[in-house]
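A.B. asks: Each chain, written out:
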Amino acid sequence: MPSSNPFLDLARNAILGPTTQTMNFGKLLSLPDLKNSDARVTARLIYFTSVGLIALSLVFFLVISLVAPNLTGRVTVMALMTVLVSFGNIVLVNYGNLRLAGTLLITLAWVVVTIGSITAGGISAPIAIGYMIVVLLGGVLSSNRVNLYLTFLCIGTGILIAYAETNGLIPQAVQYTPSARVAIYSFFLLAALLLQSITAGNMRGLTANIRKSEEKYRSLLENIPITTYINSPDENAYTEYVSPQVKKLLGYVQDDFLRDPLFWIKIIHPEDRERVLAENIRTAQTHEPFNMEYRLITKDGRSIWVKDEAIFLRDESNQSEYWLGVWTDITSRKVAEEEQADLISVMTKRTIQLQTGADVSRAASSILDLDKLLPTVAELIRNHFDYYYVGIFLVDASKQWAILRAATGEMGRQMIAAGHKLEIGESSMIGWCILHGQARIALDAGEEAVRFRNPLLPLTRSEIALPLTARGEVIGAMTIQSELSSAFSRADITVLQAMADQVGNAIQNARLFTERAGLIKELEGRNTELERFTYTVSHDLKSPLVTIRGFLGFLRDSARTGNMERFDRDMHRIANAVDKMQALLNDLLELSRVGRLNTLHEDIPFGKIIQEAVELVIPPSDETRVKIIVQQDLPVVHGDHLRLVEVMQNLISNAVKFMGNQAEPRIEIGQHGFDQDGKPVFFVRDNGIGIEPQYHERIFGLFNRLDPTINGTGIGLTLVKRIIELHGGRIWVESRLGAGATFYFTLPSN
Amino acid sequence: MVGEPILVMLVEDNVDHAELVIRTMEEHRIANKVRHFLDGQSALDYLFHRNEYVDPQLNPRPHVILLDLRLPRVDGIDVLKAIKEDNELKSIPVVVLTTSEAEKDVARAYYNHANSYLVKPVGFEEFKKLMDDLGFYWLGWNTNPNIRD
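Going line by line, the protein sequences match chains C and D.
Anchor point for the first sequence: position 9 equals 9 in my numbering, and the numbering is continuous, going up by one each time.
Anchor point for the second sequence: position 106 equals 1106 in my numbering, and the numbering is continuous, going up by one each time.
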């Protein structure tokens, strides 16, 4: 189970020992060096026992040859068997075949003792004591159960030998001299001593070795620059061990973790805790390796990043299960990663800003139509930065309001359609920004968190407002809004303001262009008007002349023939034509005076103008049937008092004049909202005969009269139009034949 | 002029001018009958037999039309267009008789197939002469199409 972490492998080896065993076959007769401690003990026992037996056998052979020459033959065979089998055992041990070697050794001992007892004096022969050695060997080399059988085997063998001896089935007992007895007893005592000392020495060496290796690994574990821990295998993951490096890592000591086994969960950063615990439960079920990076809170309150890697282990020998894990401090790596990510994000943002700047400036220099320029710019900025909403406000003529002129998305379209506007002043971001000519940021974050409440922009969580300036004058403002709580910083102002300045200049250019186009159009209009004027004058003034000169001839004829009746009629015609001509000349004079007069413009309540005009058209003494309804609270307008009264006088008298045979003649005068420049729109509505749509333009033309039977030169509406246009307003009519007429016009308010 | 009464249609909003034309024509026996209309709308109603002019017998087609340009309700040029766009009416000679000498008016009139453009002269003799010549040319010398209803 090799893992990616070398420390983890080290820690695992320290606890389990290496996973592979190495054998040296070159030294078959040497002491085997087995890594498994159980096997090593057994191997050493067999080895030393075999070596001891070889030595003892040789000594015993020599001693018996001297003290009991009658036994030499048998002793020689037994010693030889012992030596051969012992050598075989040493080789077997080196091949790792401990079980066979052990079995052979025990069998050898049993065979030697049994044969010796049978051949040399039965159960009372000294050699029978050797069964004790057999049982001792069994105790050392085999399990307790096997040794129990072995003991019964030895007792059984002894009983059989005794039975055979009683019944004379085996040869007569050999006579042992006391010295031979001593030699044999000594041999067995030495063998017992050998076994005892080998066993004891081995045990001592083994314990020392285990302690030494434990100390070695523990010191390694507790000195490497990682923190190791062992957790319980269940989902609770109780801490069972933690290495002392934890103090250096977290400031807490081992005891903190051991006293409270769930202490490690308590010091996980709150934002990370949930995902760490989820992974902990998952791996507790699947036993897959646990591998996470998360934050821990140190004792002094800092938050550090750790890499936590743990593997699930099962110890075969004592059946225990546990998690072995390491914590590595990766704070510096994480910090570097975060700094890099921040840097990349800042650079990406700057790149996008530059790109947008370039696109905006391209749009600004290429689009001269304000109605195209502003939406293009708004859309460009919104798209490039993936902002939620971008809107552009322009200051209106009254300098009181900022009117929304371009905005992104469906919500923007709705707001423009609804004529969204904000008062210039402290009451709104845009108003403030225009009043002070400064950018402003509002965030739904930090100490001065702002709640955004526009129902059409429900997702806005931060906003920046940038003034749009041209020639040092604030002409509007741009709002950029984001769904993020802190999308704008001081650094953004610089870049976005540069962009806003370009937009401001572009607006100025577009306005100048539009103004120029407007001037050209106005000039063309003036030219056309002049042409029409010349034409009208030549035609309309010539008309009475034709009459006068024509009837002068008939006058002479009538005088000659004495037809005085025709003479009088023709005289009357001539006089009318002269009057008509004089009226036309007066009107023309009036019209040209309107254009030239540089009169004083003042603020006048529009209601007052209406009142004066109504009195002129219908004097209070006049018991007229026409009902005039004037709306209350009309705004104050700015203009030439007398001329504006003239306008109303003309419109009202026109309405009266074209009432037809209306049973309940009624004229309504009032205000109908504002136009897109913020000028009030007034109206004069009558329920008279109305005007067919094809004449809606012509009625304003000089001397154009729809009904020659009605008095007048046809100058009234021309004059009205001229006066309103000179005030910067506009006039138009809405009417259908028989459905009355409504004249709308705009005038500047103060 | 063989036994057939000559009918002149005069469309003129200025009653004095109309009187001048009618009186001159009567004195010089240019036409048997002059029908005078004060505006374009009533002239068109007559020509297309609409409203009070429904009966073709009582309201025969004229032999020549004298048309002023600046007229209330329907403008002279529009009357001209309506006549010249109608397959049956377009063969009637239309003589524009107006005070305007503007090139634009002359061009527009001829563009819309006016047959002649005359400017009302300032002066009694000149007016009489114009009317004489007009009658002589359009109702005397000129061979008119056979106008049927």
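These are calculated hints, taken from the structure and not from any lab test.
One thing to keep in mind: the hints can contain errors.
[Claimed, not checked] Quick list of in silico lysine-lysine cross-link-like pairs, PhoX-like style, CA-CA up to 20 Å:
1) C:K372 with C:K248
2) C:K247 with C:K266
3) C:K627 with C:K657
4) C:K580 with C:K608
5) C:K542 with D:K1104
6) D:K1033 with D:K1128
7) C:K542 with D:K1081
8) C:K542 with D:K1033
9) D:K1104 with D:K1128
No experiment lies behind these values; they were computed from the predicted model shown.
A.B. asks: Hints first: check each against the structure and report whether it holds.
C.D. replies: Each hint tested on the structure:
Between the alpha carbons of K372 (chain C) and K248 (chain C) the distance comes to roughly 65 Å, so the proposed pair goes past 20 Å and is violated. The straight-line distance between the Cα atoms of K247 (chain C) and K266 (chain C) is roughly 16 Å, inside the 20 Å bound, and the hint therefore holds. Pair hint K627 (chain C) plus K657 (chain C) holds up; C-alpha atoms about 14 Å apart against a cutoff of 20 Å. Taken as a hint, the K580 (chain C) and K608 (chain C) pair is broken in the structure, with Cα atoms around 34 Å apart against an allowance of 20 Å.
With a C-alpha separation of about 17 Å, the suggested pairing of K542 (chain C) with K1104 (chain D) holds against the 20 Å cut-off. For the suggested pair K1033 (chain D) and K1128 (chain D), the alpha carbons sit about 18 Å apart, so the restraint of at most 20 Å is met. Between K542 (chain C) and K1081 (chain D) the CA atoms are separated by roughly 26 Å; this puts the pair beyond 20 Å, and the hint is violated. For the proposed pair K542 (chain C) and K1033 (chain D), the alpha carbon gap of about 28 Å is over 20 Å, so the pair is violated.
For the hint linking K1104 (chain D) to K1128 (chain D), the alpha-carbon distance of about 27 Å lies beyond 20 Å, and the restraint is violated.
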